[in-house]
Structures are given as structure tokens and as C-alpha cells.
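Number of protein chains: 2
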Amino acid sequence: MMQLDDLDRAILRLLKKDARLTISEIAEELGRPESTIHFRIKKLIERGVIDHYTILLGPELRPKKTALVILQVETPIIEDFLERYVNHIMRTLSMLPNVLFVAKSGKDTVIALLGDETEEKLNAFIEENIKTLPTLKSVNVYPLDDVKKGEELVGFLVEV
Amino acid sequence: MMQLDDLDRAILRLLKKDARLTISEIAEELGRPESTIHFRIKKLIERGVIDHYTILLGPELRPKKTALVILQVETPIIEDFLERYVNHIMRTLSMLPNVLFVAKSGKDTVIALLGDETEEKLNAFIEENIKTLPTLKSVNVYPLDDVKKGEELVGFLVEV
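Sequence order for the protein chains is D and L. Residues in the first sequence are numbered consecutively from 1, following this note's numbering. Residues in the second sequence are numbered consecutively from 1, following this note's numbering.
It is possible that some hints are incorrect.
Copies of the same chain look alike in the list, so a pair counts if it fits in one copy or across any two.
Think about it this way: if two alpha-carbon atoms lie no more than 25 Å apart in a straight line, the pair counts; the simulated SDA-like pairs of lysine to any residue are [stated by the list, open to error]: (1) Lys148 / Val158; (2) Lys121 / Lys137; (3) Lys65 / Arg47; (4) Lys148 / Asp108; (5) Lys17 / Asp51; (6) Lys43 / Gly58.
It should be emphasised that the hints constitute simulated quantities derived from the structure, not laboratory data. Keep in mind it's a predicted model, so treat the numbers as computed, not measured.
All chains should be built: construct the whole structure from the sequences, respecting the hints.
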């Protein structure tokens, strides 16, 4: 693990807020020479601390309603099939544009973050595309009503 | 809702992958004049379709182990206190650096995404900082073992 000092962290924090800041703007903000800032950013990129530069999409393109679903997959008679069932469900979910995030938890649980324009559309999507998936034992739906931390995550995950 | 055409979407997709691309690189990639690309990006920023430019942090700074927790809050005898309990828990969680995301679901449920360097540290954090929160009725922990879609989300949410 690379050692990051306060200057590295200060640079990363500024770039997270606005990655279009120029070297000289960052230098001025942090009261350091431009050559130092230039060198530090170069190193942060080379070492992969900065993975890449990207854009965050604004509210207009973000789904207005999101929900987390927790899917428990039925354990089949032939237990070896469980992994196949789970993988099939994860693959299917991943291909749907309304599905922003898919992960496996333990052997038999799939967690997904869903989004749509309205509550009605989101519920219809869950009824038609999620609850109808084969081999499910249970589906728990948690609408995200009020996000306190990490709200912008949807603008990061949404596809264009 | 602003209408986005294919060119807007193509520009957004390129910038999501690498926001350091120059106007002339995007123009060449998409086979359009630089003036067109310049104008489109200007409009996308003005209208807030591009919220801001940012960096994605690489694997080194991302917690290696993540888990989703679903906290159900006990309904107090004086029901009006439920909202206060829930808000208190959300505020407390939001202040912890290992907590990447916090949202409310329904009246009595709080959902949080947690991360730490190792499974042991993450479990210790859950035992010491989550399960000890007052007024909780139940805590369900879902370790995220294999992320199939949206994997980079942790690099977006992690604080520096």
C-alpha cells in the first residue's frame, strides 16, 4: 500500500469535487508550486491511485426512484446447481438497463439496485422482471426513500 | 426532460470512460467537427446533464471487503419518536468513515454500505459500531462477495 501524505489527499479531494481544475488552480488553492502539484498528480495516476477521470451525470438522467432488492435463491435438490442458478440470475439482472448494481452475497443471495423514472414503473419492473425470475425462494424490496450519504452514486452508476 | 440524441449519448459515454479526452480526440473518434463537439459539451454542462467532472479512485484506496447492512429500528411506545430514532441512526452512520452509503427505506429501516480493509476488520466494525446502536430491532448483514455490475461504485464512494 502506497503511502499518501496530506498533500496527496488534498489533491485527490479537490479533483473529486472538480476534475477540470488546472494544475495552477490546484497549486494556488493549496499554496504549493505548480511543479510539485504536477509531479504528485503524475505519480497518483501512474500508481493507479487515480483510476481514471470521469463525469458524474446530473439529476436529469438519474432514475427518480430506486430500490434495493434482496433475492434469495432456492436450493435445488441437486445442490451443485445452486451456483448455476445464482450465476444465471446475476447475468440476467446485469443485462437489464434498470439494474444499476448486482452482487452476490453468500451462496444463495443476490443483491441488486434498481432504478426507474417513477414509483409505478419501478414497481411494474419488479413485478414483471424480478419476481418472475425462476428458482427464487424470496424477494425483499427496499425502496430507497431518503439518501443521507452517497446520494450521487446513482449518477455514477446510470448508463447513457 | 431534455432530449438527448445519439451524438450526445456517444459523447457522454466517451467522457464517462475518460473525461480527459480533448475536444479534438472526441471529434475524431465520432467523426464530427470539433465545433459541434465543443457546442454539445457546453450545452450538456449548462443543462446539468453533466453534473461535474470527477476522478475515480483506484483499487488501492478502496476497501477490500464490503457489506450491506439492513437495520430495522424498534418502534417506540411513543410512535412519534420512531422518526427521531431513525434520523439519529442515519446521522451517526453517516459520520463514520467506513460507512459509504446510508439511506432510509420505509418508516423504520436503514440501509448502509460498509467497507474495510479485511473481513475481520469489517466484522469487528459491525459488532462494535453497528450492532451496538441503540433502538435496533434487527441487523441483517450481507457481505458482498462477488460484484457482477457496478463494481467501481466503491471507488466512487470512498472518502480520501
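These are the hints, each one checked on the structure:
1. With identical chains, the CA atoms of Lys148 and Val158 are at most 25 Å apart both within one copy (19 Å) and between copies (15 Å).
2. When the C-alpha separation of Lys121 and Lys137 is checked against a cutoff of 25 Å, the pair qualifies only within one copy, where the shortest distance is 24 Å, while the shortest distance between copies is 31 Å.
3. Taking identical chains as interchangeable, the C-alpha atoms of Lys65 and Arg47 lie at most 25 Å apart only when they sit on different chains, with a minimum of 21 Å there against 37 Å within one chain.
4. In the homo-oligomer, the alpha carbons of Lys148 and Asp108 lie at most 25 Å apart only across protomers (15 Å), although the nearest pairing inside one protomer, at 29 Å, exceeds that limit.
5. In the homo-oligomer, the alpha carbons of Lys17 and Asp51 lie at most 25 Å apart both inside one protomer (15 Å) and across protomers (11 Å), since each shortest distance falls under that limit.
6. Taking CA atoms no more than 25 Å apart as the test, Lys43 paired with Gly58 passes between copies only; the shortest distance there is 13 Å, against 30 Å inside one copy.
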